[in-house]
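J.: One letter stands for each residue in the lines below.
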Amino acid sequence: MDAVLLARAQFAANMSFHILFPTISIALGWMLLFFRWRWLRTHAEAWLAAYRFWTKVFALTFALGVVSGITMSFQFGTNWPGFMERVGNVAGPLLGYEVLTAFFLEASFLGIMLFGHGRVSERLHFISTALVAAGTTLSAFWILCLDSWMQTPVGYEIRDGVFHVTSWLEILTNPSFPYRFTHMMLASAITVCFLLAGISAWQLLRGVANVSTPRVLRVGLTLAAVLVPVQVVVGDLHGLNTLAHQPQKIAAMEGIWHTERGVPLLLFAWPDEKARTNRYAIGIPRAGSLILAHDPHGELKGLNEFPGAHPPVAPVFFAFRAMVGMGVLMLLSSWWGWWTLRRRRHDAAALPRPLLRVLAAMTFSGWIATLAGWYVTEIGRQPFVVQGLVRTADVASDVPSAMIATTLALYIALYLVLVTAYVAVVTYMAGKPVDEPPQTPQSSTAVAAVAAAGSTP
Amino acid sequence: MNVDAILPVVFLVVMGLALLIYVVLDGYDLGVGLLMPRGNADEKDMMIATIGPFWDANETWLVLGVGILLIAFPKAHGVVLTALYLPVAVMLIGLILRGVAFDFRVKARDRHQPLWDRAFVAGSGLAAVSQGWMLGHYVTGLASGWQYHVFAGAIALALPAAYVLLGACWLILKTEGELQARAVQWAGIAWLPVVVGMGLISVVTPLVSPTVRGRWFSMPEFIALLPIPLMTLTALVTLRAMLGTERVRGSLCWLPFTLVVTVFVLGFLGLAYSLYPYVVMDRLTIWQAASSPAALKVILVGVAISVPAIAAYTVFAYRVFRGKAGQLRYA
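Line by line, the protein sequences are chains A and B. Count the first sequence with numbering that gives the first Met the number 0 and you get residues 0 to 456, in order. Count the second sequence with numbering that gives the first Met the number 0 and you get residues 0 to 330, in order.
Because the hints were derived from the structure by calculation, they are not lab data. Being a predicted model, the structure only gives us computed values, none of them experimental. Treat the hints with care, since some could be wrong.
Below, a list of computed lysine to aspartate or glutamate pairs in the EDC-like style, where the Cα atoms sit at most 20 angstroms apart [what the hints assert, rightly or not]:
(1) B/Lys74 / A/Glu259
(2) B/Lys74 / B/Asp281
(3) B/Lys296 / A/Glu84
(4) B/Lys296 / A/Glu272
(5) B/Lys296 / A/Glu259
(6) A/Lys431 / B/Asp109
(7) A/Lys300 / A/Asp346
Start from the sequences, fold in the hints, and give me the full structure.
T.: In structure tokens form, the structure reads like this:
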């Protein structure tokens, strides 16, 4: 395999592993703030129990996000030394502001949020939780701004092959940024909804539910039922924006080879890049044009208009179907759940077992949809690293393939172990009885529990 | 010197400070990680509790330091990280293992805890050793040749020893009783390798680099610089003497940590003086490696506003958890 493809695979492995955790921690931070706020307002034990359990999940998620984020800051230099040399004047400040304004904020106040109880006032603790949540969101803001700029570059001029900024305002409001940011924030929220609902459903099924379980299930399910349809609309708008700025990406997503009118919506096909056609295509006539051009006879550009400058078709095509397919499942299951919940007078503990099984199975569905979405947009930008301007191959490092392959294998092995451990530990924690609240202190000599961080009952 | 020429210097200072703060802060928690196998089950929990609220933020200084290398000196970032590709990967794997094991060990099944403890120790070790290896290669200008590998190998052993010393002194500061007494012993054991390592770096760097030799061994600079090695030596000797006294476990428990930090700061100053104005020794000066002044100005605004804020809330977080470490419980 050539070095560029290996470098891309390694970068993708690191990115894919990293994004799993921010996807959860961004929205979970706000969710914890909500739980805490409800507890402060109502003093219902259920909200405190919910806060305490999900804080532990948050801590674990955050730790994985931090360590994989550190990897990212090195990967730019190790894998794409040319990237910063060419577009450093744009990417540098955006990445810098991410570290300066967001990363430190979240990491510093996390300690107080997690362990500060009793050492700071309730008010300051609440503010710390809010700052952590705000930090994670701000972090996403800067990173998505840079990613969007790489997709739809504006506000620059190129002198001697190096990008120079002409307008920061244009960069901060680059055309795809509002759509991508909203799409990702919703993805995070929906991922967390299904995580909350799924773990709670699993607890009910296994008979290990605690006082907070029905409430958390209800919050997750209700919010999912509201947000998934919103995401469908936002996704559509994002798609239209992509059509305007990166038609070759849309062509790959839809498997359109020749420019034509009345394009069908392909439900399944096998894109054959050599023959430049689709095999075994099953589609709905004209629906593709209807969705993308909002006109059944609308014309869509085909891949053949972009010789040597369009992305590999099959991965984009299939990733897009995985994302949409997962979205449909999410829509159906959240609405089914929400409808049933209404019928059962909002008593989540009384939900039927088949529904609970479906929700439990969907616990990590947000991860699949989010990853698939990222593959669509990032592979869909290839062969460029900055759309239309800088080719990925031109910024790659000259590190020998063998070295990249070795470290890639190491990273993948480690990541597989860690994702498995993460899922296993979250499930294990969910199966344990709820802790007593911190108001009933343990014997101060129980040093064994010192670092047990609340995990001992 | 006009403003555009000063900007890279400003960023070099910020990057240097970020890396210094990283080495000190993550140094003590990596050191505690390396000492973990020496504690019994209760002591392990206590050791972890002393670093629990801080380690996330400590690692962030590495991201800032490398981030500034990336955004202010993109050419150097490429050169350095391509040359150090493998040790960087090892360090990252170490940091990942260490960070996740920290959280997993208390949340996973009890029978899995020893496994995560081992991952924590192994991760701390990998990170510390690879950082030493990288430091060794970095100060010799990323040159290749067996003698440079031997030198880097020596630093790869000395830096973890320095971290262990720092970690042991951190434990002296943050714990009491039996564990504190053992931390005093551990500090004593780590002391000699640190002295040897620092001596080695001070002797070898001028030998392999004419630039460094010229900087240090010419008059009157030599006289002006003499305080750096002398103060380092004084701090190290004072520390050694301190460890034998009773008060190190009482009213002066803060002193060993302060002394080791002083040694780190002095070592850093010495290195900084040796290297300046190179960002890659004898190959790339900060002006050759810097981004455009326009980009640097934009980042500078952010640095000027946020770094004081970061410093303020870092101090605040340390104040919240000041004194002897206690039970770590989620709020």
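J.: Now, for every hint given, state plainly whether the structure supports it.
T.: Hint-by-hint comparison with the structure:
no. : hint                : verdict
1   : B/Lys74 / A/Glu259  : violated, 46 angstroms
2   : B/Lys74 / B/Asp281  : holds, 14 angstroms
3   : B/Lys296 / A/Glu84  : holds, 17 angstroms
4   : B/Lys296 / A/Glu272 : violated, 46 angstroms
5   : B/Lys296 / A/Glu259 : violated, 49 angstroms
6   : A/Lys431 / B/Asp109 : holds, 12 angstroms
7   : A/Lys300 / A/Asp346 : violated, 51 angstroms
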